[in-house]
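Assemble the whole structure, with the sequences as input and the hints as a guide.
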Amino acid sequence: MTSRLLTYKDAINEALRQEMQADSRVFLIGEDVAGGAGRDEFPGATDAWGGPFGVTKGLVTEFGRERVIDSLLAETGFVGACIGAAFAGLRPVAEIMYADFLGTSFDQILNHAAKLRFTYGGISSIPLVIRTVTGAGFRAASEHSQMLISIYSHVPGLKVIAPSNAFDAKGLLISAIRDPDPVIFMEHKRLYMRESMVPEAPYAIPIGKGDIKRIGNSITIVGVQKMVNTALDAANILEKEGIHAEVIDPRSYSPLDIELICESVEKTGFLLIVDESHPRCSIASDISSQVVDRAFASLKGPIKMLTGLHTPVPYSPPLEDFFIPSVNEVVRYCTSMIKGENIVNRY
Amino acid sequence: MDKEDLLGKWKLMSLIREFDLHVKDFSQSDEAFGYFHTSIGQEAVSVGVIPNINENDYLTSTYRNHSHGIARGLDIKRMYAEMLGRETGYCKGIGGSMHIADQSRNFIGSMGIVAGGIPIAVGAAFASRYKKSNQIAICFFGDGAVHQGAFHEGLEFASKFESPVLFICENNLYAESTAVEYHLIHESVINYAQGYGLKSAKIDGNDLERVHEVSQEFIEWVRRNQKPAFIEFMTYKMSGQYEGDKQTYKPTDEIAYWAGRDPLVLLANKMMIEYKVDPNLFLKIESENKELVQAAFNAANNDPYPSIDVMRDAVYAETL
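Note that the protein sequences, when read in sequence, are chains X and V. The working numbering applies: residue 1 is where the first sequence begins, and numbers increase by one. The working numbering applies: residue 1001 is where the second sequence begins, and numbers increase by one.
Since no wrong hints were added, every one of them can be taken at face value.
The calculated lysine-lysine pairs, modelled on DSBU-like cross-linking and capped at a C-alpha distance of 35 Å, are: (1) V:K1284 / V:K1202; (2) V:K1024 / X:K57; (3) X:K339 / X:K209; (4) V:K1160 / X:K115; (5) V:K1290 / V:K1024; (6) V:K1284 / V:K1246; (7) V:K1024 / V:K1246; (8) X:K57 / V:K1246; (9) X:K339 / X:K267.
Keep in mind that the hints were calculated from the coordinates and are not lab data. Here the structure is a predicted model, which means the values were calculated and not measured.
See the structure below:
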């Protein structure tokens, strides 16, 4: 199988293209997923955007306006319509421009997408994918920088994926499109230009399986989405100090591969969870409680969470930089944890 | 309005234009960060409407807020400080360009979510009626906002609960990259307003005098009758959705047409013909405004960034 370096953004584009080629039921809808709608008569207008980050660029040219649809600025309407279309046998892939716009579509996701099968007796299937964009670090302030993985993961009936690299992004998006249930697929805006080796042919990575990104035996670091890369950078530094960190990427947050994390903790005895989101009722606190429940006896010290703050994401560069956990902090937490030193939580 | 009034309005429009042109340049420099949305081409709406409201009236805006802020009398140095993330900014650097507001003067906020400010302005108007304070709210949004549930539910609330709010749609012909003739089902945005029983009008938003006159009449009507009303101003987003947007979706003849309908050019031409104003005066004002903006930028750029405590203290009104 031929592989080449591909950005996260292009890997997602390729997954969409290959699934659309393979299955005529798959269509895309979202705000400016093509761009320039209604202006098909002059060159340059069609496909003007491909979404604000250009992720869907080129797809309208290949598949036409019937399958790459510029929605209205009305998330409740088009997300809700995707639920109905999924019920009626299509395979919609909706794009919510920023995860923060969850708010304007949440009733349809929370009460309908997640429950349309369950409430009516477990008969129907809602094969819907909602792609959206997470994360801070773009100087985009409080309404365009949130993670919100935990909010979606809290809701039974939804599957939630947040890949940390291009290889996982392609394989998981293909699985999401083929999945019979509603899947929230979260893309981090600061990862779009990051490259990995990605096979050309379509491939599926199972939803709900985590991945060990680096093997070690001194401490387990679980990273959430972009923080996987922060953890890997920290692990390289720790290695020089003789600390062999094992870095785990859950990849899917619902279902969550807690067994993989527990197995690692049973080996290392220490667990640090790094998540740029807020600390309360979070993915980090969820993993922490599940590990305490299942692997308490293996722990050689307290589980630590290195997270963003219990504040909205600020605009000002020094504030936002402080908000997001850094490589140095991961290093400091790990060395202190292994030495048994007390750590004052940052949040 | 007499000659001096008009000259004052032109000066204010020019200040907004020079501010946004500076932002446009700055946004392409290496030291820039964040998202910038300029109001170039839409100045007549802000300058025609906002000076007609009272000092204690409420206002909500959007991420395209620079013109609203300057027309409301915000200090351009503090605006720039906000956009540069400095503590001296209107939101202490926490909000940035998309969220400029001065809550101390009832400029409630600039919402980054399309249509997000509509129900909030309605609520401020509702409170004014409740308090019998004779305040009104004015609420700015674009043509794309009419598709949101918040728009429809906000208009319905205002109509049902007779809230004194003036809805102002700046129809700049684009919802992001999507042309209005594609995204709008009706011929006009006011068709929606009429569906909720609102007094409404559709006006040329690049004709400063007309904007001023109609908005003044509507503002007085809203205040007197304690009911909502709606104006759609037809204008044009001469810059992109955000700075850096290549705007390949715009036809060249459309760009040329609206270049000829630039609100600053329209008013300057009229004043040269009707009041025999020397064209050099406009150039002089423009260059003075350019200097003011550069000075504001320079001063803001020397201000300190906020401390972490500023952010922590901003979360709750009560210290936890």
